[in-house]
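Protein chains in written order, with my numbering: chain A, 1 to 231; chain B, 1 to 430.
Hints were generated in silico from the structure; no laboratory data involved. Mixed in with the good hints, there may be bad ones.
[Stated by the list, open to error] Think about it this way: if two alpha-carbon atoms lie no more than 27 angstroms apart in a straight line, the pair counts; the simulated BS3-like pairs of lysine-lysine are:
#1 K8(B) with K273(B)
#2 K76(A) with K417(B)
#3 K17(A) with K417(B)
[Stated by the list, open to error] Reference excerpt, derived from the structure (chain B facing chain A, CB under 10 angstroms, subset only):
#4 R12
#5 V15
#6 N104
#7 P106
#8 M322
#9 S329
#10 N422
#11 P423
#12 L427
[Stated by the list, open to error] Beta-carbon label-pair distances, calculated as ranges:
#13 K162(A) with L288(B): 46 to 54 angstroms
#14 E315(B) with R116(A): 26 to 34 angstroms
#15 G34(A) with L408(B): 23 to 31 angstroms
#16 A280(B) with P99(A): 56 to 64 angstroms
#17 G30(B) with K162(A): 51 to 59 angstroms
#18 I295(B) with E123(A): 33 to 41 angstroms
Nothing here was measured: the structure is a model prediction, and the numbers come from that model. All residues carry an ideal CB built from backbone N, CA and C; glycine is no exception.
Below, each chain spelled out in residue letters.
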Amino acid sequence: MNIIEINDLVKIYDDRKSVPVTAINGITLNFREGEFTTIVGPSGSGKTTLLNILGGLDEPTSGSIIIDGVDLNKLKPREVIDFRMRNIGFVFQAYNLIPVLTALENVEFIMHLQGRPKAERLERAKDLLDQVGLGDRLNTRPGKLSGGQQQRVAVARALASKPKFILADEPTANLDSKSAETLLDIMEKLNHDEKITFIFSTHDARVVAKAHRVITVEDGYVKSDVDFPEH
Amino acid sequence: MIPSLSWKNIWRNKVRSLIVMGAMAFGIFGGLFSTAIYTGMSDRRMKEALTKESSHIQIHDRHFMENPEVGLTLADPQGLVAFAESLPGVKAAASRLKIVTMINSPAASTGVTVSGIDPEREKRVSELYTAVYDSITLAKRLKLTDSGVIGTYLRDSTGRWFGSVQRNPIVIGEKLARKLKVKVNSRVVLTFQAADGNLTGGSFRVCGIYRMDNKAFEEMNVFVQQADLAPLAALPAEVAHEVAVFMEIPDLTGKVITTIAERYPDLEVTGWKELLPDLAMLNDQIVLLSMIMIIIIMAALGFGIVNTMLMVVLERVKEFGMLIAVGMSRKRVFYMIILESVLLCLTGASAGMAVGALFIGIFSRKGIDLSAYAQQGLEAMGFSAVMYPSLSWDFYLMVGASVIITGLLASVYPAWKALKLNPADALRTE
Chain A
1 MNIIEINDLV
11 KIYDDRKSVP
21 VTAINGITLN
31 FREGEFTTIV
41 GPSGSGKTTL
51 LNILGGLDEP
61 TSGSIIIDGV
71 DLNKLKPREV
81 IDFRMRNIGF
91 VFQAYNLIPV
101 LTALENVEFI
111 MHLQGRPKAE
121 RLERAKDLLD
131 QVGLGDRLNT
141 RPGKLSGGQQ
151 QRVAVARALA
161 SKPKFILADE
171 PTANLDSKSA
181 ETLLDIMEKL
191 NHDEKITFIF
201 STHDARVVAK
211 AHRVITVEDG
221 YVKSDVDFPE
231 H
Chain B
1 MIPSLSWKNI
11 WRNKVRSLIV
21 MGAMAFGIFG
31 GLFSTAIYTG
41 MSDRRMKEAL
51 TKESSHIQIH
61 DRHFMENPEV
71 GLTLADPQGL
81 VAFAESLPGV
91 KAAASRLKIV
101 TMINSPAAST
111 GVTVSGIDPE
121 REKRVSELYT
131 AVYDSITLAK
141 RLKLTDSGVI
151 GTYLRDSTGR
161 WFGSVQRNPI
171 VIGEKLARKL
181 KVKVNSRVVL
191 TFQAADGNLT
201 GGSFRVCGIY
211 RMDNKAFEEM
221 NVFVQQADLA
231 PLAALPAEVA
241 HEVAVFMEIP
251 DLTGKVITTI
261 AERYPDLEVT
271 GWKELLPDLA
281 MLNDQIVLLS
291 MIMIIIIMAA
301 LGFGIVNTML
311 MVVLERVKEF
321 GMLIAVGMSR
331 KRVFYMIILE
341 SVLLCLTGAS
351 AGMAVGALFI
361 GIFSRKGIDL
371 SAYAQQGLEA
381 MGFSAVMYPS
391 LSWDFYLMVG
401 ASVIITGLLA
411 SVYPAWKALK
421 LNPADALRTE
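Okay, chain B solo, but in the shape it has when bound (with noise of 0.2 angstroms):
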């Protein structure tokens, strides 16, 4: 009966609580939406990161990443290979050379990484594959009229992942092909230091340009085949540089890392937090950030609660004499204001948490295009210029505690005051 006396004590001043409630519902929308705007760019910067740029292990000689040199390689991939893939958690596992080299073209030249990949073992490590484009399927998918808003240099192409071209095909990223001013089909030149210390090139056809958030990875990564880029390299056709594992359930990483590290004492086998420090480091900020958020948000509705239900208390001085005249023990009294505010709170919030929802779920399918304010900015960081919100339901939940605590906190100082009540002196007032 004293929930239903609070809910019901809720609604005698209705303007009073609906402005209250909307404080808490617009104070609660703010706080989720901005989350899950950061959220949605980190969770989106970071499924691209893993799925087509680094996998959750890489595993190296062990000097290979300070210094890497086309000599450090792993003398048995294959084996590492199927190791990975036989430990739980595993999904698949693939290995790369990976050799700095310059790119040339008739316009420019560039220093780039390029990976000498298995073309379909690569698809089942890196989705890097469904982010190569032909002009035409890429004008469909910005939803662009105008297919030379994509770049000249796209135009008529018809990319793909390998196969398209015979000998030596290259598939390059778009942030690149506009630097060297080249487009499907056309000739590029690679030039290194072989593992015998000649200097080496070759002439590589370009058979897909691929497009993604992260333009810097875009404007420095290259892939061909291993079998064109071993003999170039004078490496035999057996040996990788590094060996990239994709996890089916990511939180086995750490365990994986030991296990390989176990197996392989001499080579350095290394996860995603180490190879992505940044991102690393953003996933664990945005929390955090959120969660101050969250509290700023909190604490200062608290103080308008705090404010409300003291004129609450104020108001029903003689009611609160009337009801510990009768019987009403004191802690009862106290758990009714308490009540009330939590459910006052609790109201607001749901309110917009649900707004904030439906509006989130909207706008993580439509998505926020930020791409007239902050394209480059955002794009040279590695995310997208469209932004996906999105918020898991531990941040709803955690949203929910936050609001009950406020509920508890804000209205203790009040409930004191009527515990403090005489019941004949409240019952004397006007």
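Next up, chain A with everything else stripped away, as it sits in the complex (with noise of 0.2 angstroms):
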């Protein structure tokens, strides 16, 4: 079943000020729930903009984003946000922890924002950092945590929300090579288990090689979309 439909997207960036730049050139996708998806592609290419407008952080010139029924470009900004907070998990490259929550309240906090009770929020969020191997720090703040445990409390910020999909923008960029490995091995897990949806842009080899699916975007357009149904 398709979770996301993309359909002959376009962004052109047009500040009105130079020449505009067309970032995305009318590019038709469809995502299934479960997928553990990687989209690569140089600098430049479109990646990260492909994944911002599937975000609802960037609106696209034309064409549409369906999500799970919903049609992106129909909700107002407000509503959008909203859509975001339940539906859309975020792993960032630089991990963008809150500094003064600890990891716990990290966790917390965006189930905070959806509005849960205390006790609920505070179970889901010790059993999510427990998954992701950081039971013993939960009430570390993100500044005593290394780069690898940080992002592991982004993903389980990212899963607090109980969203239909994650999408992590160059998650291990900034991570060492064992951090790294221990981070794919918990999402791999989290997609086999649980069948959480990742979608991930990258330029790291090792993210690909995971992948169930690589789409190589180049030039704003998609220029390959395989599946490797083996891993």
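Taking the hints as your guide, dock the two standalone chains into a single complex.
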């Protein structure tokens, strides 16, 4: 079953001061529930733009994105934020945790935004941090965690809202190989055991090697789209 | 969770936040303390004026205030006193004769107003009797070791509020005593025009000398027994020129004035605001000036807060981008930044208010002695050279409210900037 449907997506950056740049040039793609997909491509190929539009962080110039039956273009800005909170999990390259909150509070925070009760928040946050192997660092602030540990907190945070899929923008770019390996193993396990959909944008061959589907984007087009069912 | 997050965010950059809080605390302390000095001065002056000089209400013949002639008396002052005392909110009333006279001593003579009073009844409407000292008590109260400082003419005197001298006792102010070069037991002569038109006079013996902050009052007002003054003025014993009413509940003054005026339409009933117009104006002005001062302080601090909050927003663009991306509504981001600013201001202001309250508390007991710098000027205007700062809780509340408003206003622009962030762009910033 398709969870995301992209039809003839175009994104042109035009600030009226310089020459307009076409970042995405008519992409049509579908993503199924439970995928473990990477979008690869050289810098400037349009993969981050595609991911931003998929996450509702940026608006397309034309074309449509339908997530779980909802056309993002038809939502008001305020509804898009709410939609993101309930349906999309984000993992960023630079972790982007709230430095003044502990690992537990960072994971809990998004559930607080969703208005879930305190007891439920605490239980789920502890459970998720356990799943990413940080059950013993609940009350540690991000500054006292390694890059790999921070990114694992970010994965737990992304999962906290029970999203339909997780968008991860170069999640291993700042990690050493051991941390990257651990992180990928955790995400792969979550995908396998709990059928959580992951969509990555990456340059990292280690991520590509784990992916079940690799979409290559170049100059704003989809150059190739290959499945690796043997994973 | 957002209030706790805002509070934690304040402490991200401790030095910067402490500097802002310090500025806020210092500004608030300055505003509170200087206001407390003005208010303390005004309150003390007001209290002295009401309790020792004018009382809350005075009743006279309709023409007496503009032309205090001896013949312009109240026909039934006892009835008036009884009626006034029957009204709610009134503590007591007392009648007085009031005559403009010349007072003479062997050394000097000057014009004064003599009040003919019943000393015991007068105690119920005026605390002037508490201001009469003998030199030893006065020296002790003023913490003076050299009684010469109080004035040569008070030395060895044992002043009393009447009673110590059998015949024609008179109580005079310290400044007048110095001017006339008299002391307790000295004789003075009062000369004035009696009700029958004849020039008359009487010899009085000083039984007590009073001391007040208001030196002009000290110089201009003397007190004798009504029973001694009435025959000299060729007046019947039962008449009076003035009935003074002292209020138990000052807020009811207006009502009592109206009631008395309705019952005695031919008399002039005057409240303290008309009797002491300069003080009434001063009281209003102090509140107004204090508010203006607080607004100026807040405006100056507000610009500092705007600057700080702008830095906060610029430093955290990426974080705000992330928060909006993961689903924090722009309204909540706006609220979080506003709350940070308000908490920052309130923390600094609380420290300023606490230190202010402490200092005001200490100096309201110890006093701030300015006698070395401005004694004559202050006393000539009726103010004490020793200031006792005081401030009502309302003012603290008003300052607290203005701090919250400053915090809110100062953070609107920075928070609005955060509101306008595009999360995709914000996440790309380094």
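Status of the hints after comparison with the structure:
Using a Cα cut-off of 27 angstroms, the hinted pair K8(B) and K273(B) is violated, with the two alpha carbons roughly 52 angstroms apart. A distance of roughly 20 angstroms separates the Cα atoms of K76(A) and K417(B); the hinted pair therefore holds under the 27 angstroms criterion. Simply put, K17(A) and K417(B) have alpha-carbon atoms about 22 angstroms apart, close enough for the 27 angstroms limit, and the pair holds. Against a cut-off of 10 angstroms between C-beta atoms, the interface hint on R12(B) holds, since the closest Cβ of chain A lies about 6 angstroms away.
With 10 angstroms as the threshold, the beta carbon of V15(B) stays out of range of chain A, its nearest partner Cβ sitting at about 16 angstroms, so the hint is violated. Violation of the interface hint for N104(B) is found here, the shortest Cβ-Cβ separation to chain A being roughly 82 angstroms, above the 10 angstroms cut-off. With its C-beta approaching chain A no nearer than about 84 angstroms, P106(B) sits outside the 10 angstroms limit, and its interface hint is violated. Satisfaction of the interface hint for M322(B) is found here, the shortest Cβ-Cβ separation to chain A being roughly 4 angstroms, below the 10 angstroms cut-off.
This hint holds: S329(B) has a C-beta 6 angstroms from the nearest C-beta of chain A, less than the 10 angstroms allowed. Nearest Cβ of chain A to the Cβ of N422(B): about 8 angstroms, under the 10 angstroms cut. The hint holds. The closest approach between the C-beta of P423(B) and any C-beta of chain A is roughly 5 angstroms, which is under the 10 angstroms cut-off, so the hint is satisfied. For L427(B), the interface hint holds, the least distance from its beta-carbon to any beta-carbon of chain A being 7 angstroms, beneath 10 angstroms.
As the Cβ distance of K162(A) to L288(B) is approximately 59 angstroms, the hint placing it in 46 to 54 angstroms is violated. A C-beta distance of roughly 30 angstroms is found between E315(B) and R116(A), which places it inside the suggested range of 26 to 34 angstroms. Roughly 48 angstroms separates the CB atoms of G34(A) and L408(B), a value that falls outside the hinted 23 to 31 angstroms. One distance hint, 56 to 64 angstroms for the beta-carbon pair A280(B) and P99(A), holds here, with the actual separation near 58 angstroms.
Checked against the hint of 51 to 59 angstroms, the pair G30(B) and K162(A) passes, with Cβ atoms roughly 54 angstroms apart. For I295(B) and E123(A), the Cβ-Cβ distance of about 51 angstroms falls outside the hinted range of 33 to 41 angstroms, so the restraint is violated.
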